[in-house]
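Chemist: Spelled out, the chains give:
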Amino acid sequence: MQSPDGITVAPPVGVPAGGEIAGPAVSRNLLLDDFLHSKRAMGACGVVVLLILFCFVGPLIYRTNQTFTNLALENLPPGAGHPLGTDQYGIDILGRLMVGGQSSLELGFSVAIASTVIGALYGALSGMIGGVVDAFLMRIVDTLLAVPTFILLLICASMFNLSLLTIILLLTLLSWPYVCRLVRAQVLSLKTREFVQASTTMGSTRTRILIRHMVPNTFNIFIVTTTFAVADAIYALSALSFLGLGPPPPFEDWGTQLTDGVGNLFNSYPWEVYPALIVLVITVLAFRQIGDALNDISSARSTVR
Amino acid sequence: MTWYLVRRIGQSIAVVIGVMILTFILVHFEPGSTARAVLGQKASPARIALFDNTYGLNRSLPVQFWLYCDNVLHGNFGISYVYGQPVSTLIAQRLPRDAVLLGLSTLLALLIGVPMGLYQAIHHGTLRDDVVAGTWFTLYSAPDFMEALLLIAIFCVHFQWLQAAFPGGITSVGGLFADPSAMVLPVVVLSINSVAGFSQYMRSSAIEELAQDYIRTARAKGLRERLILTRHLLRNALLPIVTILGLSLPNIVAGAVIAEAIFNFPGMGLLFWSSALQHDFPVLLGATLIIGVATVVGNLLADITYGVLDPRIRHAIA
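Sequences listed follow chains A and B, in order.
Residue numbering for the first sequence is 1 to 305, as defined by the numbering used here.
Residue numbering for the second sequence is 1001 to 1318, as defined by the numbering used here.
None of these hints come from the bench; they were simulated from the model.
A few of these clues could be false.
Each computed SDA-like pair below joins lysine to any residue, with the alpha-carbon atoms no more than 25 Å apart [unchecked claim]: (1) A:Lys39 - A:Val281; (2) A:Lys39 - B:Ser1204; (3) A:Lys191 - B:Val1157.
Listing some non-contacts, in silico: residues in chain B with all C-beta distances to chain A over 10 Å [what the hints assert, rightly or not]: (4) Ala1014; (5) Phe1029; (6) Arg1047; (7) Thr1138; (8) Tyr1140; (9) Leu1162; (10) Arg1219; (11) Leu1234; (12) Ile1241; (13) Trp1273; (14) Ser1275; (15) Ala1287; (16) Thr1288; (17) Val1296.
None of these values were measured; they are calculated from a predicted model.
Virtual Cβ for every residue (Gly too), placed ideally from N, Cα, C.
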């Protein structure tokens, strides 16, 4: 896990004005360097890139009818013209897989980024301010953590008419506390470190410390949770669709395809369920692998330190 | 320890109040009025006014919250729109069955996860470690509803060894075992997710303990390796698992909704799912409150047990 050449990336000693010996740029570059050298992480990143190309560029090349039901073509087995066969509406499964993936991926990335930004800022602020305010803010987080995300999501799905946008908002609202907890813990330990104390002594404002020291030094933590969040969000949407509580048609994602396919799993059209299943597993696995690799790298870094 | 306990219990009470506020807010987000949901769309304005007056729905929000807390503390979670029975009765009927399901699956997960983690720790850094870790990571990443369906396809449809679903009309815990083969898949599916967590925590805690001096001492005095592992290592490495047991409750509950929906298991998860489909809000919110409180209590118990079991922690927080 160690990379000797990673250390050469660090700028020579020249201590900057804020007394930032362990400056933000250094830790980020070291992490990136290890990341680029991790075969597991790079392999998983390659898979993610391929998936994005498949879903967003694929339909431009492989043009199929995804709008109109064509009962003359229903439940065709894989073969010429339809590499993965057709479903019960006569719609090409390969094409449907591409279109369905768009909403899954859009959801995964939006939720992960939004919840990380909110959670990291909230956690960093809460940890920085401390005292009664921190205690109060953390009880809000505890409350949201006490009820399983999926349970709250089911309730909201039952109360409102969902669309992709509302699911993104809901999942963001429900998943930022996880990031928040971790970032706050890190901020609490950073607060006592010398470089932060030095910065405070030199008259840095809280805002400056927050932005220059806290956020960059928790980067390792929230980049890991972000990648896990992508996988979790995609999974949550597919489970919701599977349980029949997802957005109504014409909304398409891998979960709706699974649900349709499952109906046909036991009546001799098994090819309708496997493509969505395989793509879903690959996607979730790829994002979790990236997260796990990052986790290994950053924990190896912190033990070296 | 006493001060720590007081603080932790205080925090837990705050969170329970937080969960009550959360469910109260959700009740008020509920589309349409409660009166219409209970009395039907054709209810006359006079009857609605009477209903609102009886249940305090025309009072100010703080008063309503007070009434809500009062009801909840007296075990009154409202009446189900669909079943017409008190929510507390519906939940009380199902909780014992869930205790059986969750208990069995957690037990299975521990029985697999703990030895697995220990095995990985003993062989850590080798191919064996990677193979075991990789396998569970893949199983953990695959959506649990798909694992459930594939297992059904294999064991129920292809080989026809097991029952795929529970028959309707089960009213007792004993009824669950009328056909024991129906219990197999729900328990297995629910345990898959926990095994990955348990084995990974077990692995890292065992690796940490293996590096301790007392293990070296035990080896130096010529103790057999098997005894070192069972007498010394296992006991100490098991400690973090206690915390994980408390913390994993929300995940298990969420998994239970999906597994129970698939296998028609007559528990809280199935009730929750069908209530979500039928917009039966009193049931949803009552169940949420109970799950929230159970999680808080679980976390509190985990922390306390950890303190009791580990003298180092006990003295550090004293």
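Chemist: Would the least Cβ to Cβ distance between Ile1241 of chain B and chain A come out above 10 Å?
Modeler: Fine: 20 Å to the nearest Cβ keeps Ile1241 of chain B off the interface.
Chemist: Hinted pair, alpha-carbon criterion (25 Å max): Lys39 of chain A, Ser1204 of chain B. Please report holds or violated.
Modeler: Holds - the C-alpha atoms of Ser1204 of chain B and Lys39 of chain A are around 23 Å apart, at most 25 Å.
Chemist: Just want to verify: Ala1014 of chain B was marked as not at the interface with chain A; is every Cβ pair farther apart than 10 Å?
Modeler: The claim breaks: Ala1014 of chain B does not keep its Cβ more than 10 Å from every Cβ of chain A (closest is about 5 Å).
Chemist: Please verify that the nearest CB of chain A lies beyond 10 Å from Thr1288 of chain B's CB.
Modeler: The claim is violated: Thr1288 of chain B sits with its nearest Cβ about 6 Å from chain A, within 10 Å.
Chemist: Find the nearest Cβ of chain A to the Cβ of Ser1275 of chain B and say whether that gap is larger than 10 Å.
Modeler: 8 Å, violated
Chemist: Would you check whether the claim that Trp1273 of chain B is not at the interface survives, using Cβ distances to chain A and the 10 Å cut-off?
Modeler: Given that some Cβ of chain A is not farther than 10 Å from that of Trp1273 of chain B, nearest at about 6 Å, it is violated.
Chemist: So is Ala1287 of chain B really clear of chain A, every C-beta pair being over 10 Å apart?
Modeler: 8 Å, violated
Chemist: Are all C-beta atoms of chain A more than 10 Å from that of Leu1162 of chain B?
Modeler: 15 Å, holds
Chemist: Is the nearest Cβ of chain A still more than 10 Å from the Cβ of Arg1219 of chain B?
Modeler: The assertion about Arg1219 of chain B holds, with a minimum of 24 Å to chain A.
Chemist: Checking the smallest CB distance to chain A, is Arg1047 of chain B really beyond 10 Å?
Modeler: 25 Å, holds
Chemist: Is the nearest CB of chain A more than 10 Å from the CB of Tyr1140 of chain B?
Modeler: 8 Å, violated
Chemist: Assess, step by step, whether the Cα of Lys191 of chain A is no farther than 25 Å from the Cα of Val1157 of chain B, and give holds or violated.
Modeler: Since the Cα atoms of Lys191 of chain A and Val1157 of chain B sit roughly 59 Å apart, the hinted pair is violated (cutoff 25 Å).
Comparing the model with each earlier hint shows violations of hints 3, 4, 5, 7, 8, 13, 14, 15, 16 and 17; every other hint is respected.
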